[in-house]
Amino acid sequence: MGRQTTAGYNIVPKTNLINEFLKSHAGDSVFFVSGLKKKNPVLADLIYRRAELAAQNGDYAGMRAAFSIYIRQTGQNPENYFQFFNACCALGEFKKAFRTLSLIGKFALPTSQMIEIANPWYNIYNPALLTKLSNKLEFYSAGRNTDVRVMGYLLVLKSAAGQKDALLLRSIFKTFRHASDRAFKKDIWLYFKIAETALNLCFFREACEILKRIIDFEPFNEQAHGRLAEALLCRGQERAAMRRFEKAADTLKTASMPVWHGETLLWLGRYREALGKLNSAICAAYPLAWCWRGAALLKLGRPDEALKNLNTALALKPSDLEARIWRAETFMALKRNLKAMEDLDFVVAVNPTYLWAYVNMTLLNLEGGNFKKALETLKLPPDLTTALALKCRIRPEANYTLPELHKLLEKAKALAKGNRRNEEYLLKLWLK
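All residue numbers for the sequence shown refer to this note's numbering, where the first residue is 53 and numbers rise by one.
Treat the hints as calculated values from the structure; they're not laboratory data.
Hints are not guaranteed to be accurate.
[Stated by the list, open to error] Below, computed lysine-lysine pairings styled on BS3-like, alpha-carbon distance capped at 25 Å:
1. LYS431 - LYS216
2. LYS226 - LYS238
3. LYS264 - LYS237
4. LYS391 - LYS425
[Said to hold, decoys possible] Pair by pair, the computed Cβ-Cβ distance ranges are:
5. LEU352 - GLY195: 54 to 62 Å
6. GLY288 - VAL94: 51 to 59 Å
7. GLY321 - LYS391: 24 to 32 Å
8. THR198 - PRO271: 25 to 33 Å
9. LYS369 - GLY127: 28 to 36 Å
10. GLY421 - GLY288: 25 to 33 Å
11. GLY321 - ARG287: 31 to 39 Å
12. ASP97 - PRO370: 15 to 23 Å
13. LEU368 - LYS391: 14 to 22 Å
14. LEU304 - ALA450: 48 to 56 Å
15. PHE191 - ALA450: 34 to 42 Å
16. SER154 - GLN289: 36 to 44 Å
17. VAL94 - ARG291: 49 to 57 Å
18. ALA333 - ASP97: 31 to 39 Å
Owing to the predicted nature of the structure, the values given are computational and were not obtained by experimental measurement.
We treat Cβ as the ideally placed atom computed from N, Cα and C, and that holds for glycine.
Kindly generate the complete structure, drawing on both the sequences and the hints.
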């Protein structure tokens, strides 16, 4: 994490801190600081992008500093409502945020645009920061428990902070059940995010119900089709999930559904089918296909080919943490353990909660004889450790021998098959 540059989320940094921030993040500080004397849309956009970049790199102090500058520099106007809303949410200025959201609502924008602001905290992985923001939003939400927008965002933020609020979800679901078609359509983009969050919290039935209603209104909503297929799969309805992908592919005529279908085939251990799907003409050049094609090739015992695909995936999107996990495992298969650890260190620096980074780090440390370090990187949740122990026919203990730890971690990778995503609902899928 970067150096602390603000005392709180909603405090604009003093000039010397602004200057220091821009020196370290924006290059020519004299140009940038002089620009702060008057509103400058180009400068404001650059500062907003610096805030996003800081968040991506885990520099949350830098993110807060840049967003504070951005809000002061740009003010609230129709050209920047989305960015202003996101910045306010990241800083915990929720009164400003929801005032902006009500202004955005007057434009009646399509779901494909509104979904861009459905999770303003998507690139923040710091649990303490997310919890502070969640507490602020919960305070703001007092007396607003019938406002689906406020409560929906509270659910999303609590979930991001690792807080499973089943009562809140059930309350929102009750509102959904009673929502008229007009009211539902007005907030359909937020209901999609609520459905995603329900899926993350393992409320699969509720997720399916919301997603099916969304598809009734928006039959070309590819994200709704894909998430519905995932929810069906998690409910144990594998055939229905595969049919959903096939039906969506016929409806949409785009590469996204076959690629998504290929990913879920990986989860099921159907690697040859996945590779065939991902190598099809419609999928071959699709950016995400490179990651999952690499995963399929690795699982099929072709690590050299896997590495080429994963290198391409990361060249296209260096921030793709799943691709880095797969590349680390490919390096491990090729006995290039230092390169593997570099990728895993990168993942943990960006997202310190990424399970598969710790699984692989611990395996590398165990195999390298660095047992003290292995115990430091062993960060499996206790319930997951117990479940793995039972599957390995090892008595669940507070302390395991080193060979037992190695066996547990290898078992986790074997059970997960071709899944290296970090969502909890996918853990439930392979732990059945």
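Which numbered hints turn out to be false for this structure? Structure breaks hints 10, 11.
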